Structure formats: C-alpha cells, structure tokens
Amino acid sequence: MSTDAVMTRLAAADPARDIVPDRDGAEALLELVLSSPRDRSGHQVPVAGRRRRGLVVAVALSLALALAAAALAAVGVIRLGSPARPSGALANPRQGLGALRPGTARLLGVAVADPAGGLAWGMRLLGTTRGVGCLEVGRLLDGRLGVLGRDGAFGNDGRFHELPPGGLSGGGQCANLDANGRLFYTVSAANVPASGWQGQGGCTAPLPPGGRIVGLPASRYCRAGELRELVYGVLGPDATGVTYTLGGRQHTIKPVGPEGAYLIVTAHSGLPTDHGRYTLAGAIGSIMPLPWSSPITSIAYRDGMRCLIDATKPGTLKGQCTPPGYRPVTARLSDSQVVSPIDVRVVAMTPAGRRAIRVSFTARIAVRKAGSSYEVAENTSSPEAVFEATQRNINAGQTVTWLLPAPKPGVYSGKIVLGLSGAPPYPIYTYSPGPLVGRFSVRVR
Amino acid sequence: MVVSDERLVFEGLFRANHAAVYRYVVRRVEEAAVQDVVAETFLVAWRRHEEIAGDPLPWLLGIARRACANHLRGRERRVALGERLAAQPCPARSSWGSREHGELKRALAALGDADREALLLVAWDGLSNREAAKVVGCATATFAVRLHRARGRLAGALERERGDRTAGSTPAEGMATSDVH
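First to last, the sequence lines map onto chains G and F. If you count the first sequence from 1, position 436 lands on 450 in my numbering, and the numbers rise without skipping. If you count the second sequence from 1, position 168 lands on 1346 in my numbering, and the numbers rise without skipping.
Treat the hints with care, as some may be off.
Stated by the list, open to error - Here are some chain F residues pointing at chain G (derived, C-beta under 7 Å):
1. His1196
2. Arg1201
3. Val1204
4. Arg1205
5. Phe1220
6. Gly1280
7. Leu1282
8. Ala1301
9. Trp1302
10. Arg1329
11. Gly1330
12. Leu1332
13. Ala1333
What the hints assert, rightly or not - Here are some chain G residues the structure puts well away from chain F; computed CB gaps all over 10 Å:
14. Asp38
15. Ser96
16. Pro116
17. Gly195
18. Leu260
19. Leu322
20. Asp324
21. Arg341
Unchecked claim - Computed beta-carbon distance windows for the label pairs:
22. Gly318(G) <-> Ala1322(F): 38 to 46 Å
23. Glu1229(F) <-> Ser348(G): 49 to 57 Å
24. Gln109(G) <-> Gly1341(F): 34 to 42 Å
25. Val1323(F) <-> Val425(G): 35 to 43 Å
26. Glu1229(F) <-> Val228(G): 33 to 41 Å
27. Arg1327(F) <-> Gly157(G): 56 to 64 Å
28. Ala127(G) <-> Gly1190(F): 46 to 54 Å
29. Val1323(F) <-> Lys268(G): 41 to 49 Å
The set of hints was computed from the structure by calculation and includes no laboratory data. What you are looking at is a predicted structure, and each value in this text was computed from that prediction instead of being measured. Virtual Cβ for every residue (Gly too), placed ideally from N, Cα, C.
Kindly produce the complete structure, drawing on both the sequences and the hints.
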C-alpha cells in the first residue's frame, strides 16, 4: 500500500469525523471562561482568584472548626469512631495487588500541618505479597493513621476513624517495587478532601466550568477550603533535600528516614490548578516528580548529585534523573523460554447451547508479581476480539485456561504473551507485550 | 454596557475553534474526560491569549495537547491489556472500534508516540505541515521529515499486521525452566 493510500485510509478512520459538539454546552463554557478574571502575567490561577473572598471565609471557618477539633484532640476529647472498612483491594494474597505482607506496614516519620490546622497529615508505607508497594496518606492521632468524619465522610460525625493497615481504605497509591524490593514512588494528588477520606460517602471535587456529574446534588460537591493538594512520595535512602516552589516562594525540606519520605500539603480550590509552571488535576504517580504536575524543582542526594526536575523536557523524559539506589526490573525472557503448545477448541456452553472458545496452555514460567500476567489477545479481525490477563499467581507447569465468548461464526485467532512491566510504568504508558507463548486460530461454524 | 475588545476577540477565537479543539480532544482522551480537558484548554487560552501570534488553531491545539497529556498521565497505571490499547490516542468509539479499523488501530499502536502524533495531526486534525509543526513545537521542515518517515512506518506496520493475521499457531515442546516473574 502506498503511503498516500495509508493517509487516505487513516483519514477515513477518524473516530471524531462526524462529531459536532453541543452548541449550548459550548456557549455555557464560553460564558464561564469569560467570567474567569485574567491575569496578564499568565501566572495567576483565575479560579482561585475569582473565589478568593469565598475561600478566605471558608478557610477561616474551617480554621475555626479545625482549631476547635485540635483543641479537643489536645485534651483527648476528640472521639474515636469505628475504623474505616477495608476497600478489598488487598483481599487476596495470590491475585491483583496481593495482600498485605505481614510486618511491612509502617508509619513514615513525616507529620505535616494542615493549612487549616487540626490533626497533622502523615503517611504509611506497606508492601504486598505480589511485589507491590503502597503509600497511604491520612490524618495522624496518637501514632495512628486515619481520617476525619467531615466533608461528608462518616456522616460528618467529627470523629477520628483509623485506616486499618492493609485495608487501603483511604485511597492508597501503589506501584511495583524495584528489583531490590524497594519502593520509589512520587505522587501529586489534587482534590483530596481535608478529612483525608477518599472513599465512598465523602464530598466530590467540583468539575471544571461546564462540567457536572449527572444526578449528583450540589450539596455533595466539596466546598472551597475542604480540599487539599498532597504532594508526597518516597525517594530512597540517599535523598537529602526536596526543593519546591509554591506561591512564588521556594522551600526546601529534608526527606525522612531510610525511605526518603516527604509530604507537602496545601489548600486546593477543587478545580484543575494551573500554578503557571505546572498543573494539578487528579492524582499522578511516577518514579520521580514530573515538572508538569509537581511544584518540586530539584532533589539533592547524598553524593552531591542534584536532580533538576525542571530540566525534564515537558512531555518527554529527556533530562529526567534515575534516583540513586533505584534498580529497574528488567525482563530478560525470550520467546523460546515461554513458548508452549496452545490447545484451542470450540465448546458448547449451557444454557441454550451458547458456544465459546476454550484456550489453554501449560505455563513454563511461574508468575508471582502483580506486574506480570499471562495475557490472551484475540486479533481484532476476529468476530469478537477479547483481551484477558491472568492477574494472579501461576505456577510453572500449571495449565492456564480461558473461556472466550464466540457469539458469531467465523475465524477466531489471537496470541498469548507473558506481559511484563517495570516498576512502576512511568510516566507515559508504553505497552510492551513481552515474550510470545504462542498463537492460535479456530473456526466457529 | 461596554464589552472590552479582548472579550470580543476571545469570543471570536472560541467560536471559530471550539469544534476543532473539541474533536482534537475527543480523539485523544476517553469520553468521560473530554469536557474537562476542553474546559481546561480554554481556561488556559483565556488567560494567555495575548501570546497568540498568527493562526490561533495550532496555538490552541498546543494547549490542548498538554492538557491531554496531563490527563493521560494521571490515569491509573496498572491497567489490563484491553485498557492499554484503548488508552492509545483513539477512544473506544463505535466507528473506531469496528472490525475494519482493527488492523489500522493495531498498526498505529505499534508506532512511536512522535510518529503517531505526526500522522494524526495531519490525517485527523486536518492540519498543514506548518500548522502541525507549531502544535508540536518544531520547525516545519523537521515535521515534514517526521511525517514522511511516519507514513512509511505505518505502511510497514500495516503490512506486518496482515502477516500476523494469516499466521497460525506456533507450538513448541518442553518445559525447561521454573523461573519466577
């Protein structure tokens, strides 16, 4: 096929060719954008500016409430509520992220004041049975990590609810451990309620102008002053200083403990926050902080090395540092080490004689890590293209079987690979299918 | 009522380009996030529209490009294979997900990010080499070379896809190792 024909074919496949945006929605967006004051320097956050007066009032109110709570806590009056329920993310030691590995959950030595006062923020690190490390943040009370019954959480009961270790109830952030079994992970998270609670029942961060969640009453959105930006992570034992810029001022903090833990907490408007140099919206995780999503400008290390986060070219990894001590997980397997005969047959399923394709093979390589899975991918030329991954432990010699739907007659074909991912995959996801177990093809009549 | 010139200028810019920006974003992020990313693009544009020199569309798409990239980076890292493919710059819309485009989708997914971006800016967003070069921030000549190479690579990837489609099972014997991953 000529390259011109390729371009013609590509243009014809444009998925948005026939899409016409809703005019009323566009006009509403225009109105909201124009109501946002401009800063000719281009460095001010318009939404924050527009709401400054409300924010001041809300922060003052929150401050008063938090000070009251802090005063109560100081004299031991803040009441304990029931512990938060585990999320179920770490329920099974042999599948998904795995389960809490005993003895790995520990509070890290950071305690950071909330902008509105009250209980300090802290952070916990834990490891799982499937080679994953997780960071949980929350409020601290007597050496325990928990969340507060406010901002809609726990019926606004004002109590402290402990986050049970291994429950990941508070919206933990997880990534694959490196080859030495250590976690190197940094997170920038906007829209975290001041309660610390990121599960069901808490308030929802407002959407940008023009956006709303259908069916969600206005009272369920977080109000100004109820949200925080959390910038945190573990940089390894050699990190000695984290420098960041917020509000035009430069700060340097010292990472804590052998994990090199740091935590920065600031107030957040709830809308995507453009700080000029970087924008925060949602949660972003990566091995090292990224200049377009973090206020961090540089990290100093024990050997005199200084990693300039600013030097990373936006949208790429050029200039990005590899943190000292980090050893990437590398997959060294070839096709010949994993290739195995694939048994494929059409089977009748009850009821009503529905048919399916049973694909099975005997695994030659065991899988024990969350970052690895045997994956079956049917070609998109098949009447029904299905992708599935084991996402559980597989022993060498174990037979792996998938039942794939075959609702229509035709030739179903595909391949099985051993997908291997590094730790963690960052910052731009690139898919590497890994070594090939084999291909299959079967006709369904 | 006095309406400032800058408001009028921006209103004109918005109305002339909103649809193009919207479609650009639709092609690159999942449906649920489109409104957010478009809104973020125009908020940034409103704040900085004094920076515009020449045609505003490449400038706006440059902002949208960064907004899309920020959004995609924030998505969950551990995703299943299906989601990974869906995360390629093609939302799972009905036309794109259809069988006849499957081969093309896989071929596109096999390309590098820069190649894919060059192709889509021209084929889908309808930009000239000069406009597309402004979006990605390089010289027109550099972009032209990148596009030329990307076209060749896509043609090659499509040929390989056809080869894959006709290949059968490749069984092998033995179970020699007990490595753990």
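Verification of the hints:
Contact between His1196(F) and chain G, as hinted, is supported at the beta carbon level, the nearest pair being about 5 Å apart and thus within 7 Å. Interface restraint check for Arg1201(F): the shortest CB-CB distance to chain G comes to about 4 Å, inside 7 Å, so the restraint holds. For Val1204(F), the suggested interface contact is upheld, since its CB lies about 4 Å from the closest CB of chain G, less than 7 Å. At its closest, the beta carbon of Arg1205(F) sits 5 Å from a beta carbon of chain G; the interface hint therefore holds under the 7 Å criterion.
With a cut of 7 Å, the hint placing Phe1220(F) at the interface with chain G holds, because the nearest CB-to-CB distance is about 5 Å. For Gly1280(F), the interface hint holds, the least distance from its beta-carbon to any beta-carbon of chain G being 3 Å, beneath 7 Å. This hint holds: Leu1282(F) has a C-beta 5 Å from the nearest C-beta of chain G, less than the 7 Å allowed. The interface hint given for Ala1301(F) holds, since its Cβ lies 4 Å from the closest Cβ of chain G, which is under the 7 Å cut-off.
Contact between Trp1302(F) and chain G, as hinted, is supported at the beta carbon level, the nearest pair being about 5 Å apart and thus within 7 Å. Checking Arg1329(F) against chain G by beta carbon gives a least distance of about 4 Å; that is within 7 Å, so the hint holds. Residue-level restraint check for Gly1330(F) holds (minimum Cβ-Cβ distance to chain G is 6 Å; threshold 7 Å). Checking Leu1332(F) against chain G by beta carbon gives a least distance of about 5 Å; that is within 7 Å, so the hint holds.
Restraint check, Ala1333(F) versus chain G: the minimum CB separation of about 5 Å is within 7 Å; hint holds. Distance to chain F confirms Asp38(G) as a non-interface residue, since its nearest Cβ pair spans about 12 Å, more than 10 Å. Against chain F, the non-interface label of Ser96(G) holds: every CB pair exceeds 10 Å, the least being about 29 Å. With a least CB separation of 20 Å from chain F, Pro116(G) remains clear of the 10 Å interface cut-off, as annotated.
Residue placement check: Gly195(G) keeps its beta carbon more than 10 Å from all beta carbons of chain F (closest about 14 Å). With a least CB separation of 18 Å from chain F, Leu260(G) remains clear of the 10 Å interface cut-off, as annotated. With a minimum CB-CB distance of about 20 Å to chain F, Leu322(G) clears the 10 Å threshold, and the non-interface call stands. The beta carbon of Asp324(G) is kept farther than 10 Å from every beta carbon of chain F, the shortest such distance being approximately 16 Å.
Consistency note on Arg341(G): stated as away from chain F, and its beta-carbon is indeed over 10 Å from all of that chain's, at 16 Å minimum. Range check, Gly318(G) to Ala1322(F): Cβ separation about 44 Å, and the 38 to 46 Å hint holds. Between Glu1229(F) and Ser348(G) the CB atoms are about 51 Å apart, so this pair conforms to the stated range of 49 to 57 Å. Evaluation of the 34 to 42 Å hint for Gln109(G) and Gly1341(F) yields a pass: the beta carbon distance comes to about 35 Å.
A beta carbon spacing of about 40 Å between Val1323(F) and Val425(G) agrees with the range 35 to 43 Å that was offered as a hint. Look at Glu1229(F) against Val228(G): about 36 Å separates their beta carbons, and that is inside 33 to 41 Å. For Arg1327(F) and Gly157(G), the hinted distance range of 56 to 64 Å is satisfied, since their beta carbons lie about 59 Å from each other. A beta carbon spacing of about 47 Å between Ala127(G) and Gly1190(F) agrees with the range 46 to 54 Å that was offered as a hint.
Distance hint check for Val1323(F) and Lys268(G): the Cβ-Cβ separation is about 48 Å, which falls inside the suggested range of 41 to 49 Å.
No hint from the list above goes unmet by this structure.
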